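**Student:** Residue strings, one per chain:
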Amino acid sequence: MSEQEIQWFDEDGKRIDGRDKDEMRETKMEADVLSEADGSAMVEVGNTRVIASVFGPQDLHPKHLIESDRAVIKMRYNMAPFSVDDRMSPGPNRRATEIGLVAKRALEPALEMEKFPKTGIDISMEIIESDGGTRAAGITAASLALADAGMPMKGLVSATAAGVVDDTVVLDVIGKEDKKGNADIPIATINGGDEVTLLQMDGDLTKEQVDDCISLAREGCAELDQMQREALHEVYQTENGGDQ
Amino acid sequence: MSRVKDSNDIVTPGEVVVDGNDFYTNSGVYEENGKIYSKYFGTVRYGDNAVQVKPMHGRYMPEEGDIIIGEITRVSYSRWTVEFNSPYEGSLDISEATDEYVDLDEDDLTDFYDVGDAVAIEVQSVTKGMDVDMSMDDKRCKKLEGGRVIEIPPSKVPRVIGKGGKMIKQVNNKTGCNIIVGQNGQVWIKGDNANLAAQTIHKIVDESQMDNLTETISEFLDNELEGDN
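Read top to bottom, the protein sequences are chains A and B. If you use this note's numbering, the first sequence corresponds to residues 1 to 244, in order. If you use this note's numbering, the second sequence corresponds to residues 245 to 473, in order.
Rather than coming from a laboratory, the hints here were simulated on the basis of the structure. Source: prediction; values computed, not measured. Among the hints, erroneous ones may be present.
[Stated by the list, open to error] Restricting the straight-line Cα-Cα distance to at most 20 Å, the calculated cross-link-like pairs of lysine to aspartate or glutamate (EDC-like) are:
| hint | chain 1 | residue 1 | chain 2 | residue 2 |
| --- | --- | --- | --- | --- |
| 1 | A | Lys207 | A | Glu219 |
| 2 | A | Lys154 | B | Asp263 |
| 3 | B | Lys249 | A | Glu230 |
| 4 | A | Lys63 | B | Asp375 |
| 5 | A | Lys115 | B | Glu307 |
| 6 | A | Lys28 | A | Glu234 |
| 7 | A | Lys115 | B | Asp375 |
| 8 | B | Lys279 | A | Asp194 |
| 9 | B | Lys249 | A | Glu234 |
| 10 | A | Lys154 | B | Glu275 |
| 11 | B | Lys407 | B | Asp310 |
| 12 | A | Lys14 | A | Asp166 |
[What the hints assert, rightly or not] Output of the computed footprint for chain A on chain B, the stretches with three or more beta carbons under 8 Å from beta carbons of chain A:
| hint | stretch |
| --- | --- |
| 13 | 251–263 |
| 14 | 282–295 |
Quick reminder that beta carbons are idealized off the backbone N, C-alpha and C, glycines included.
Assemble the whole structure, with the sequences as input and the hints as a guide.
**Tutor:** Rendered as C-alpha cells:
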C-alpha cells in the first residue's frame with residue numbers, strides 16, 4: 001500500500017508541506033477583481049487558485065428554466081487545462097458537473113432567491129491552479145463574488161476540507177494528502193457558524209474521525225469567514241480613495 | 245443602546261448590526277435569534293428606532309414612483325416595452341403614454357415612441373412577480389431628443405442629486421447642460437458642455453465619500469470653465 005511508503009509526519013509532527021495538523025494553508029482573498037462582471041473574487045489557498053464571477057440577476061435562457069417566484073442559479077465549475085500536473089482536456093466532464101451542482105446547493109441556502117423572480121444568476125468558478133480543495137476554494141470565492149455583486153444573502157459561505165492521513169485528522173488537505181491519504185471531508189458553513197450547507201466524504205474513516213474532521217473543518221470555516229469580510233472591506237477602501 | 249456599528253459603517257452579509265431586537269427592521273436587514281443582521285455588503289443607517297442597510301453594488305430594482313431613463317425596445321399593438329438596465333423590463337400602455345385619442349388600427353404607435361428612443365419615464369407599479377408598468381404622466385417624463393446617456397452605479401444616485409437637488413442643480417447651472425438623473429443610474433446629458441458635465445458626474449461618483457463635496461465640485465467646475473475661455 002502506498003500509504004506506508006510516504007512519511008506523512010516528520011519527527012516534530014509537521015506535515016509534508018511543513019504545516020501543523022490543524023493549520024490552514026496560507027490563504028489570500030481579493031474581491032472585485034474583474035471589471036465586467038457584476039461581482040467577482042479570487043481566492044488562493046496555498047497553490048490552489050480560483051477565480052469566481054457572478055453575472056446577474058439577469059434574463060434567463062433557455063426560458064423553460066425560469067421559476068416565476070425566485071431566481072435560478074446556473075453554476076459552472078471549470079478547471080483550466082493547465083491547472084493540473086498533466087494537461088487536462090478542456091470542457092465539462094462528469095466530475096465538473098457534479099461539483100457545480102454541490103456548489104450550487106451549498107450556496108443557495110444563504111441566498112435570498114425570492115427577491116428576483118423570473119431571473120437567472122450565472123456563477124462561474126474557474127480553477128486556475130489545482131492542489132486539492134478546489135471545490136472548497138471555489139465555494140468560498142463564489143460566495144465572496146455574490147456579496148460583491150450586491151446579492152441579498154443570509155451570510156457568507158466559507159468552505160474548507162479536513163481529512164485523515166496516517167490515521168491522524170488534519171485540516172485543509174493538499175492534493176497529495178487528498179489522493180494518497182485515507183479520507184477527506186469538505187464542509188461549507190454559513191457565516192462560519194452552525195449551519196452546514198455542504199458535507200461530502202470520500203474514503204475510509206472511523207466514526208470518531210468523522211466527528212473530529214467536522215469540528216476541525218468548521219474551525220477552519222470560521223477563520224475563512226473572517227478573511228472574506230476583510231476582503232470586502234478592502235473593496236470599499238479601494239473604491240473610496242485608498243488614502244485611509 | 246444595542247447598536248454595534250456607527251451610521252455609514254461598512255457591513256458584510258451576516259454581520260450583526262443590532263445586538264437585540266429593539267429596532268424596526270427596514271430594508272436590507274433580517275432578524276434572527278434576537279439579533280439583527282445585514283443582508284448586504286453595504287453601509288448601515290440607523291434611524292431613531294429603525295435600521296437599514298444600503299447595498300454598495302448591485303443592479304437597479306424598479307420601485308414605484310421612481311423616474312428612470314430607459315430605452316424603447318419593442319412596439320406592440322397598444323403598448324411599448326422599455327428596458328432600463330435592470331433584470332426586468334417595463335411595459336408602457338398607450339393610455340398611460342398620451343391623452344390624445346389614438347385609433348389603434350389607423351395610427352402608427354412609432355409616431356410617439358420608436359424602437360431605440362430614450363425616454364425619461366415613471367415606474368407606475370411593480371407587482372410581486374416583477375411585472376413593471378410605466379407611465380408618462382409625470383411632468384418630468386419625456387422623450388429624450390439628442391444628448392447622451394452615461395451610466396453610474398444606482399447606489400450613487402442620491403449623492404449625484406444631492407440634498408434637495410443641490411448638487412445636480414449646480415452642475416446644471418454652471419455647465420448650462422440639460423441633465424436628468426434616472427434612479428436606475430442612467431444619466432442623460434444634453435448641451436455644449438456635455439463632456440465637462442459627464443466628467444463632473446463621474447468625479448462626484450468617485451469622490452462620493454468626501455466631506456464638502458458640493459464645494460469641491462463647485463471649485464472644480466469654476467477652474468475647468470475658466471480654462472476654456
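**Student:** Against this structure, judge whether each hint is valid.
**Tutor:** Verification of the supplied hints:
Distance hint between A/Lys207 and A/Glu219 is fulfilled; the C-alpha atoms sit about 19 Å from each other, no more than 20 Å. Between A/Lys154 and B/Asp263 the alpha-carbon distance is near 16 Å, which keeps this suggested pair within the 20 Å criterion. With a CA separation close to 16 Å, the supplied pair B/Lys249 and A/Glu230 stays within the 20 Å bound. Only pairs whose Cα atoms come within 20 Å are accepted, and A/Lys63 paired with B/Asp375 is accepted, the gap being roughly 16 Å.
Distance check on the hinted pair: A/Lys115 and B/Glu307 sit about 13 Å apart at the alpha-carbon level, within 20 Å; holds. Distance check on the hinted pair: A/Lys28 and A/Glu234 sit about 12 Å apart at the alpha-carbon level, within 20 Å; holds. Using a Cα cut-off of 20 Å, the hinted pair A/Lys115 and B/Asp375 holds, with the two alpha carbons roughly 13 Å apart. With a CA separation close to 16 Å, the supplied pair B/Lys279 and A/Asp194 stays within the 20 Å bound.
Proximity of B/Lys249 to A/Glu234 is assessed by CA-CA distance (about 18 Å); at most 20 Å being required, the pair is judged to hold. Restraint check: the Cα-Cα separation between A/Lys154 and B/Glu275 comes to about 10 Å, which is no more than 20 Å; the hinted pair holds. With a C-alpha separation of about 17 Å, the suggested pairing of B/Lys407 with B/Asp310 holds against the 20 Å cut-off. Between A/Lys14 and A/Asp166, the direct Cα distance comes to roughly 13 Å. Compliance with the 20 Å bound is thereby established for this hinted pair.
Here's how the stretch 251–263 of chain B fares: 5 of its residues keep a CB closer than 8 Å to some CB of chain A, so the rule of at least three is met and the hint holds. With 4 residues having a Cβ less than 8 Å from any Cβ of chain A, the stretch 282–295 of chain B passes the three-residue criterion, so the hint holds.
Of the hints listed earlier, there is not a single one the structure fails to meet.
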